[in-house]
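First to last, the sequence lines map onto chains A and B. When we follow the working numbering, the leftmost residue of the first sequence carries the number 1, and every step to the right adds one. When we follow the working numbering, the leftmost residue of the second sequence carries the number 215, and every step to the right adds one.
FYI, nobody ran anything at the bench for these hints, they're computed from the structure. Careful: at least some of the hints might be erroneous.
Unchecked claim - Where chain B lies over chain A, by a calculated footprint (3+ residues, C-beta under 8 Å): (1) 15 to 26; (2) 38 to 47; (3) 102 to 116; (4) 134 to 148; (5) 179 to 192; (6) 196 to 209.
Unchecked claim - Looking from chain B toward chain A, a few residues come up when the C-beta cut is under 8 Å (computed): (7) D231; (8) C232; (9) T298; (10) L318; (11) F354; (12) P362; (13) G372; (14) I373; (15) M383; (16) H418.
Cβ atoms here follow ideal geometry from the backbone N, Cα and C, with glycine treated the same way.
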Amino acid sequence: MSAPGATGISIGCATCHECGRLCRVPLQGFGHGYESACSRCGSALHFRKRYSLQRTWALVIAAAICYVPANLFPVMTVISLGQADSETILSGAIYLLTSGAWPLALIVFIASICVPMAKIIALISLLISVHRSSSWRPADRTRLYRTTEAIGRWSMVDIYVDTILVALVSLGNLATIEAGTGAVFFGAVVVLTMFAAESFDPRLIWDNCGEVRA
Amino acid sequence: MATLSPQVPATLLACPDCDLLQRLGDVPEGASARCPRCNGVLRRRPRNGLERALALTYAAAILFVVANSFPFLSFVMKGEETQTTLATGIIDMYNQGKWEISLLVAFTIVIAPVAQIGILIYLLTPIRLGRVPYGLPVAFRMLRHMLPWSMMEVFMIGILVAIPKLMGMASVIPGTALYAFVLLMLVLSGANAAFDPEMIWQRHEAAK
Numbered sequence: 001m002s003a004p005g006a007t008g009i010s011i012g013c014a015t016c017h018e019c020g021r022l023c024r025v026p027l028q029g030f031g032h033g034y035e036s037a038c039s040r041c042g043s044a045l046h047f048r049k050r051y052s053l054q055r056t057w058a059l060v061i062a063a064a065i066c067y068v069p070a071n072l073f074p075v076m077t078v079i080s081l082g083q084a085d086s087e088t089i090l091s092g093a094i095y096l097l098t099s100g101a102w103p104l105a106l107i108v109f110i111a112s113i114c115v116p117m118a119k120i121i122a123l124i125s126l127l128i129s130v131h132r133s134s135s136w137r138p139a140d141r142t143r144l145y146r147t148t149e150a151i152g153r154w155s156m157v158d159i160y161v162d163t164i165l166v167a168l169v170s171l172g173n174l175a176t177i178e179a180g181t182g183a184v185f186f187g188a189v190v191v192l193t194m195f196a197a198e199s200f201d202p203r204l205i206w207d208n209c210g211e212v213r214a
Numbered sequence: 215m216a217t218l219s220p221q222v223p224a225t226l227l228a229c230p231d232c233d234l235l236q237r238l239g240d241v242p243e244g245a246s247a248r249c250p251r252c253n254g255v256l257r258r259r260p261r262n263g264l265e266r267a268l269a270l271t272y273a274a275a276i277l278f279v280v281a282n283s284f285p286f287l288s289f290v291m292k293g294e295e296t297q298t299t300l301a302t303g304i305i306d307m308y309n310q311g312k313w314e315i316s317l318l319v320a321f322t323i324v325i326a327p328v329a330q331i332g333i334l335i336y337l338l339t340p341i342r343l344g345r346v347p348y349g350l351p352v353a354f355r356m357l358r359h360m361l362p363w364s365m366m367e368v369f370m371i372g373i374l375v376a377i378p379k380l381m382g383m384a385s386v387i388p389g390t391a392l393y394a395f396v397l398l399m400l401v402l403s404g405a406n407a408a409f410d411p412e413m414i415w416q417r418h419e420a421a422k
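Let the hints inform the model, and build the full structure from the sequences given.
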């Protein structure tokens with residue numbers, strides 16, 4: 001075996017994206033790793049996720065753009081006795097707070113406002129740190145990435161709340177709830193950040209560190 | 215044309231999060247192995263993983279049918295009662311012109327969980343009986359891509375938040391499906407925790 005601290009890529013081996021098997025990449029496929037296939041499951045092999053930085057940047061920027069209308073446009077409109085009442089994500093959380101359900105207000109505030117913003121900021125910082133070949137606390141940056149990937153799904157709460165409210169109230173004659181444009185943009189933010197986290201390759205954090213140390 | 219790569223010994227692996235090479239022998243049941251450099255999970259081996267995952271997946275399949283056949287919330291306003299199943303929410307969103315949301319909800323609450331349950335049954339049942347299912351790599355790839363989008367547990371939180379919002383307008387009565395949903399969420403998380411991909415791949419490799 002090779003020296004301690006050796007990586008897969010340093011001995012010409014790639015971990016299969018699908019089944020996790022370590023495979024030797026034949027030399028002729030070195031420049032473009034997709035020429036070779038995993039010995040266990042037959043998937044195409046790549047040393048790193050393909051176009052990881054470009055893809056992640058594109059998706060994060062798209063998410064950041066959608067984040068603005070997601071928070072400015074109403075996520076739903078309650079029409080009761082001829083009166084229309086629009087609610088944005090923030091005013092929805094405030095409504096829960098003033099009606100006394102502060103634990104739920106906290107859930108909505110964290111899941112719908114903090115998490116998407118934190119994800120966008122975290123991914124941008126990770127991308128910049130990789131571009132700058134930073135060797136600063138790689139283990140903590142990897143942990144930041146893992147957390148970012150794990151919490152993303154919880155932002156979907158707001159979309160589900162809207163769907164449930166629309167379903168329950170739209171059938172009655174006395175009141176109707178309509179989903180707003182904000183909800184569409186908000187859904188886009190959640191989906192885009194989930195794809196962005198999936199495209200980022202945490203091994204890039206360590207690749208740069210190795211160069212600095214060696 | 216793809217060329218299969220030469221074999222690397224099965225005990226040699228690289229950390230999926232930081233690419234550090236390491237040797238890993240057998241991991242005992244109920245234990246997990248972590249990378250010494252970045253603390254990433256190298257291998258997690260649940261106790262009785264195959265049996266538990268299989269049992270919980272079958273339970274999830276039954277609960278899923280119950281959860282989608284009965285109304286999960288009823289809403290009483292001025293004597294007028296409205297019942298909702300999951301499907302009505304998705305359909306109403308579509309009718310309001312918000313097809314994007316309708317599609318997203320349908321995918322994360324119906325399509326992805328169904329795919330997850332179906333593929334798990336397809337993979338685990340033959341393996342439990344000592345056979346390797348046909349098309350294992352394809353089924354596994356589908357499962358891996360579906361898994362992040364199966365969001366039952368997030369939907370539960372959604373229900374919790376929606377109820378007090380409606381309390382102000384009318385009374386909300388939990389339906390049969392709501393209890394099935396709570397159980398489904400627990401059972402599906404349990405099936406996921408007991409599922410051991412590496413074991414399946416090792417069977418696949420041994421059968422080749």
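Against the structure, the hints come out as follows:
Counting residues of the segment 15 to 26 of chain A whose C-beta lies closer than 8 Å to any C-beta of chain B gives 10; at least three are required, and the coverage claim holds. Under the rule that three or more residues need a Cβ within less than 8 Å of chain B, the assignment of the segment 38 to 47 of chain A holds, with 8 such residues. With 4 residues bearing a CB less than 8 Å from a CB of chain B, the segment 102 to 116 of chain A meets the requirement of three and the coverage assertion stands. Look at the segment 134 to 148 of chain A against chain B: 6 of its residues bring a Cβ nearer than 8 Å to a Cβ of that chain, three or more, so the hint holds.
Only residues whose C-beta sits within less than 8 Å of a C-beta in chain B count toward coverage, and the segment 179 to 192 of chain A has 6 of them, enough to reach three; the restraint holds. Residue count for the segment 196 to 209 of chain A with a Cβ under 8 Å from a Cβ of chain B: 6. That meets the three needed, and the coverage hint holds. Residue-level restraint check for D231(B) holds (minimum Cβ-Cβ distance to chain A is 5 Å; threshold 8 Å). Because the beta carbon of C232(B) sits about 4 Å from the nearest beta carbon in chain A, less than 8 Å, this interface hint is met.
Satisfaction of the interface hint for T298(B) is found here, the shortest Cβ-Cβ separation to chain A being roughly 4 Å, below the 8 Å cut-off. With a least beta-carbon distance of about 5 Å to chain A, the hint placing L318(B) at the interface is held under the 8 Å criterion. A hinted interface residue such as F354(B) counts as satisfied when its beta carbon comes closer than 8 Å to some beta carbon of chain A; here the least separation is about 7 Å, so the hint holds. A distance limit of 8 Å between C-beta atoms decides the matter here; for P362(B) the minimum to chain A is near 7 Å, and the interface restraint holds.
For G372(B), the suggested interface contact is upheld, since its CB lies about 3 Å from the closest CB of chain A, less than 8 Å. Among the interface hints, the one on I373(B) holds; its C-beta lies about 6 Å from the nearest C-beta in chain A, closer than the 8 Å criterion. Interface hint status for M383(B): upheld, as the beta-carbon distance to the closest one in chain A is roughly 6 Å, under 8 Å. With its C-beta approaching chain A no nearer than about 7 Å, H418(B) sits inside the 8 Å limit, and its interface hint holds.
The structure shown violates none of the earlier numbered hints.
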